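Visitor: Sequence:
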Amino acid sequence: MRSSRNTGPARLGGRVNPALRPLWAMAVAAARLGAALAPDSPGKLARSLRSRRDLLPRLQSLATQRDRRRPLVWLHAPSVGEGLQARPVLEALRRTHPDWQLAYTWFSPSADSFASRLDVDLRGVLPFDGRREAEVLLDAWAPDALVFVKLDVWPVLAEAAVRRGVRTALVSATLAPDSGRRGLLARALLGDAYAGLDAVGAISAEDAGRLQALGVRPERVAVTGDTRMDQVWQRAQGVKAEHPVRALAGNGDRVLVAGSTWPADEAVLLPAVQRWLQARPETRLIIAPHEPTPGHLEPIERWARESGLALQRFGDVEREPTRPWRVLLVDRVGVLGDLYALARVAFVGGGFHSAGLHSVLEPAAFGVPVLFGPRHRNAREAGELVASEGAVAVAGVEALEAQLERWSADDAARREAGAKAQALVRAGLGSTARVVGVIEALVRARRG
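Sequential numbering of the sequence shown, starting at 437, is according to my numbering.
Since the hints were derived computationally from the structure, they do not count as laboratory data. Certain hints may be false.
What the hints assert, rightly or not - Computed beta-carbon distance windows for the label pairs: (1) Asp689 / Ala859: 21 to 27 Å; (2) Ala461 / Asp548: 24 to 30 Å; (3) Thr532 / Gly884: 16 to 22 Å; (4) Arg870 / Arg553: 20 to 26 Å; (5) Val822 / Arg759: 34 to 40 Å.
Values in this document were obtained by computation on a predicted structure and should not be read as measured data. All residues carry an ideal CB built from backbone N, CA and C; glycine is no exception.
Put together the whole structure using the sequences plus the hints.
Guide: Structure below.
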């Protein structure tokens with residue numbers, strides 16, 4: 437039997453700052469209007485707004501799949517990066533508690549495809565953070581625990597959950613030293629929401645301290661680590677010798693896999709790689725743009741033609757593996773994590789782009805040394821890889837070309853760097869089990 441709702445002093449918090457509530461409500465109203473008026477265009481913002489048209493009835497309809505006799509754990513991960521942190525938790529909960537129900541929400545349209553592949557009972561785009569949206573969704577899904585991943589806590593939703601006695605948590609939690617969340621306005625808006633969380637699993641002790649300054653109660657935070665370590669390790673272990681991607685490159689090839697690149701990264705990467713490829717006939721490049729749209733793929737194809745390098749698209753090589761190539765252009769999402777298995781060296785995009793560095797842990801899990809641009813201050817694992825000598829941050833074309841040549845000429849140094857990168861991932865394993873323990877305690881507290 438479900439325990440009575442606990443709204444006593446031990447669970448105060450989770451509310452929107454009263455002084456800022458009108459501003460937040462106005463922002464939500466503007467977002468609703470934007471959803472109604474969003475044009476039919478392929479842009480990310482327009483897609484995000486359109487996905488929230490008539491969203492509440494769709495989410496309400498999922499209530500027919502809710503068995504209220506069974507506990508339900510709801511994870512929210514804004515985009516794919518956070519989703520990769522949520523996935524091992526969902527998989528572990530499914531294994532250890534097959535009688536529980538699982539729900540998953542996300543915010544960014546870039547996560548639509550990722551979310552569709554998760555083994556959950558209920559899923560959907562998270563509505564805007566309005567009171568009506570929160571009440572409708574909580575009524576329909578009746579969760580026992582609402583778990584936010586990484587940092588984003590929706591204050592109105594968290595407030596409504598606390599008021600109903602739903603247990604709330606933040607896991608794989610991290611806060612960069614220079615994060616805008618540490619500013620006065622953000623702390624005023626979100627401080628009470630963070631204070632209302634029942635449990636927080638921080639990635640590191642430093643994160644735990646910064647989160648407490650943001651409002652998290654000290655007695656409710658523990659260092660549980662980063663579940664991405666478990667996720668990337670599990671994926672790397674699944675790419676066995678018989679995996680289809682292994683056939684894409686020969687054993688003697690020196691393959692550079694460049695993943696999640698943006699045009700700003702390619703402006704540095706392609707000139708450096710061109711000279712490296714032309715000087716060493718045993719080398720190949722696999723490049724996976726972050727957004728494999730025609731507008732992003734075509735300039736890379738043009739560069740390869742002008743450089744005299746045989747380029748094939750990944751989809752064509754999948755259908756006809758014998759096609760010769762020096763450059764393999766990945767024209768779809770979802771395969772990059774496996775392709776790192778072919779790398780002698782990896783280049784991870786985002787370090788020359790304003791959006792920030794993408795995951796350096798995926799290649800590290802394969803024991804591959806990593807290169808990336810200088811803009812990695814908010815990516816802790818990148819700094820840790822550099823400190824451990826498992827990665828090198830490069831400032832431009834010459835530095836990138838020099839490091840590629842260094843690791844090509846000294847295979848022992850390359851292998852040693854890769855081993856150090858992999859050791860960092862190994863040292864972080866076990867976070868998923870700790871996070872599952874946190875969630876289990878929340879469900880027990882809710883159900884009694």
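Visitor: Against each hint, give a clear statement of whether it holds in the structure.
Guide: Here is what the structure says about each hint:
Between Asp689 and Ala859 the beta carbons are some 25 Å apart, a value that agrees with the proposed interval 21 to 27 Å. A hinted range of 24 to 30 Å holds for the C-beta pair Ala461 and Asp548, which are about 28 Å apart. Our hint of 16 to 22 Å for Thr532 and Gly884 holds, since their Cβ atoms are close to 20 Å apart. A beta carbon spacing of about 25 Å between Arg870 and Arg553 agrees with the range 20 to 26 Å that was offered as a hint.
Between Val822 and Arg759 the Cβ separation comes to about 37 Å, which falls inside the hinted range of 34 to 40 Å.
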